[in-house]
Amino acid sequence: MPMSPTNIFAPASTPADSIFGLSMFVLVTCAAIFVAVSALLAYAVVRFRSKRGDDRTEPAQIYGSNQVELAWTVIPVLIVVALFLAAARVIASVQDAPRPSGALEVIVTGHQYWWEYRYPKLNIVTANELHVPLSDPAHPTPTFLTLLSADTDHSFWVPRLGGKTDLIPNHPNSMWMDPREPGLFLGQCAQYCGTQHAKMLLRVYVQPREEFDRWVHDQQQLPQSSAPGAALSTGQRVFESTACVNCHTVSGTPAKGRFGPDLTHLMSRDTIASGAAPNTHQMLRLWIQHPDAIKPGSKMPAMGLSDQDLDAVTAYLETLR
Amino acid sequence: MSANTIALTELPVSRPFTLRLHEWVTTVDHKRLGMLYILFALVFLIAGGIEATIMRLQLIRPHNNLVSPQVFNQMFTMHGTTMIFFVAMPLVFGFANYLVPLMIGARDMAFPRLNAFSFWMTALGGLFLYFSFLGGDGLYGAGGAPDVGWFAYAPLTARTFSVGHSTDFWTLSLLVSGIGSVGTAINLIATIVCMRCPGMTLGKMPLLAWLNLTMAGLVILAVSPLTAAQLMLLIDRYLGGHFFDTQAGGSAVIWMHFFWIFGHPEVYVLVIPAFAFSSEIIPVFSRKAIFGYPVMVLATVAIGFISMSVWAHHMFTVGMSSGANTFFVLSTMAIAVPTGIKIFNWLATMWGGKIRFATPMLFSVGFLFQFLIGGLTGVTLAVAPFDWHLGNSYYLVAHFHYVIVGAILFAAFAAFYYWLPKAFGKMYSEALGKLHFWLFLIGFHLTFDFMHIPGLLGMPRRIYTYEPGRGWDIWNLIVTIGVVFQAAGILVFAGNLIWSYFRGKAAGNDPWDAWTLEWSTSSPPPAYNYAMIPAVRSRRPLWDLKHPEDPDWRYE
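Sequence lines, in order, name chains A and B. The letter at position 255 of the first sequence is residue 254 when you use numbering that gives the first Met the number 0, and the numbering goes up by one with no holes. The letter at position 253 of the second sequence is residue 252 when you use numbering that gives the first Met the number 0, and the numbering goes up by one with no holes.
Keep in mind that the hints were calculated from the coordinates and are not lab data. Using N, Cα and C, we set each Cβ at its ideal position, and we do this for glycine too.
Here are the in silico distance ranges between beta carbons for each label pair:
# : chain 1 : residue 1 : chain 2 : residue 2 : range
1 : B       : Ala-323   : A       : Ala-226   : 49 to 55 Å
2 : A       : Gly-20    : B       : Arg-553   : 54 to 60 Å
3 : B       : Leu-65    : A       : Ser-240   : 36 to 42 Å
4 : B       : Val-483   : A       : Arg-213   : 53 to 59 Å
5 : B       : Ile-480   : A       : Pro-136   : 41 to 47 Å
Capping the alpha-carbon separation at 27 Å, the derived lysine-lysine pairs in DSS-like fashion look like this:
#  : chain 1 : residue 1 : chain 2 : residue 2
6  : B       : Lys-353   : B       : Lys-504
7  : A       : Lys-120   : A       : Lys-255
8  : B       : Lys-203   : B       : Lys-545
9  : B       : Lys-353   : A       : Lys-50
10 : B       : Lys-545   : A       : Lys-50
11 : A       : Lys-50    : B       : Lys-504
12 : B       : Lys-545   : B       : Lys-504
13 : B       : Lys-504   : B       : Lys-425
14 : B       : Lys-353   : B       : Lys-545
15 : B       : Lys-504   : B       : Lys-433
16 : A       : Lys-50    : B       : Lys-433
17 : B       : Lys-353   : B       : Lys-425
Given the sequences, and given the hints that come with them, work out the whole structure.
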């Protein structure tokens, strides 16, 4: 099996660990049953096939046996009970885990085809790239996610950090993770949510405490262009006088839309379009000009800007650090 | 017997086409309706197969651009809806229609006109679904098939998210075909309960009749909530209701409950008839009576009851309480016990026999092997925490195809080859039958064995394309290659059907030296099935006839 960044058998957080342990137990049990029963089947097929030159007499007719039936009822019942108890234990340990006071709280809102992240205690709003602190097993700092949806059903699944949980409108859900390895963890929406379900990708950045705190500090600042008294660039003027502001927010400016991702710190993100493209100058420009080239059917409209305005808006967005 | 009925079957063979067509369209004969159901299913099997092939070609490599996301989403919706409602269900009903009256020594179903009505409702449902390609967007555009997925989760089906009429065609098609399904189910129950021939007590019915009785009961219980849900969805979309309209306070989760309280028993609606085929075919080709008949009946009825209490295992990821999740783990796993009993009884039937590997038996052994695997992967999915990973991944897709293709379709192919000589009066080509088996077996395993792996590596279902670098590429390529073998197998199968109809050798009444009543009448059976209603003393009346020195009724 080649290395995969989304392998469910490479857990890096407690819920994923518990599931991994349980899944090994279940897989080994099922594999053992498979080997035993298929060996019996293979033996029957080989041993009891009618041979050439067999007489045409019928074999002995056996109608059943209560002892045998009882045996192959009781043994499966015992196996089922064992599997059930193992499963019940993990369900309780993952779903009913207490929330420690040091836990970080993030509200995740699924949108047709992107993710919104709000950190209510930290006053941060961002999109598509979730930043969470590394959790030291000695002093766990888990992250608890509250899962909401703004439109259709979605599902949050980053295999190495835990199982999936759905985001359903009018039905708040929650899940948690305590990643013990720093780095980037990938995943994607796992509940069909419409045309661009396939490109609703997930990126979770697990950062050591100091790095995470620095990220928090940066996110809490206003971008320079939003500072009171800063000169209004051409790009910003175009941005604020077109439909961009209906959907997007840039803190400290009149742009307060909530339908699309918050762009206040756009340039702090590695990707755009929910992970569908790298956040480069060309891609950003293309995304504004012709979103269907990157993500056909996404809700971002082609803005129909002149080349000049397009360059100016792109340049403005590139100042949002 | 009546001279009239005999005269009818002896009409000249070279009647004009329009007359023959008229006979088929207006028929109330259970055998013709059975064959119509099956023919209908085969036509839709081709449609669903083409949709699957388009999806597999699109997924052959990452970032492929063969079809747009819009088309891909229509393909998986149509594929799922078609295969469940217009291939598997009609196939099951077709065989039940054809076989049940013959096997219980009756002349027809209890309600022949209801039978015809039910078939034509199903056919109308299928036409509704496919008309969406032309009329789906109604006045708004050029047309479009439904693209909400075969379980059509709310609120994607709300008018806000699904404009035009594609969802309406989906709803109407299920509503209408659901009426046909319930009609057939009522008919089967009435037939089996009331029309058994003298001597055939419930305990002496062929297992096929018992299993179809259970199936019919499940259809009534399972399809009704689905029909109710479709009505609610229509009320939401056109009469201002808010059952599932989350923007007005409706509940998306209620739709899931309605759908899956249909959806899970539906799996057993399809697989129990597959068990029925195997329970008839395996004994005949092993030359032994079925092992543990009463236990097989009990296990079937147990599966029927338990299957009504497992639906929410489709919903382990929607955020149910830990208590609810735990309950559904237990109820789901409980089903593994009677299912396991069935597998062991089939094995015990083969044990000590003299197994003849004609095509029906090959497919039945394939069924047994693949159902074992599909059942075990089902156990892995029943473990809720494991399902938090596996649910909605390609592992799940591989699992249910293992059951639906590897078990149900293999058993259906076994049934085709086993009863074709009865229905056509001609033998099929054994060489082509074996070629079909091996091609399909290879194709099936290439596609669905390797499909588990991308799921374990994090690939969710219903994505029209995927990112490179996730370790999914090679597996998807192999999965797509398997399609070629499966398609070739289906072509050989179709060729064999046509060849045997025109060129097959005369089959005679009882080509398999079998034991149930249908083999005592001519092949094909006359319209009235039996000139004299038979009387039976055991579960294997023809065994009793052939072995007067050692009849079954001494032991039952």
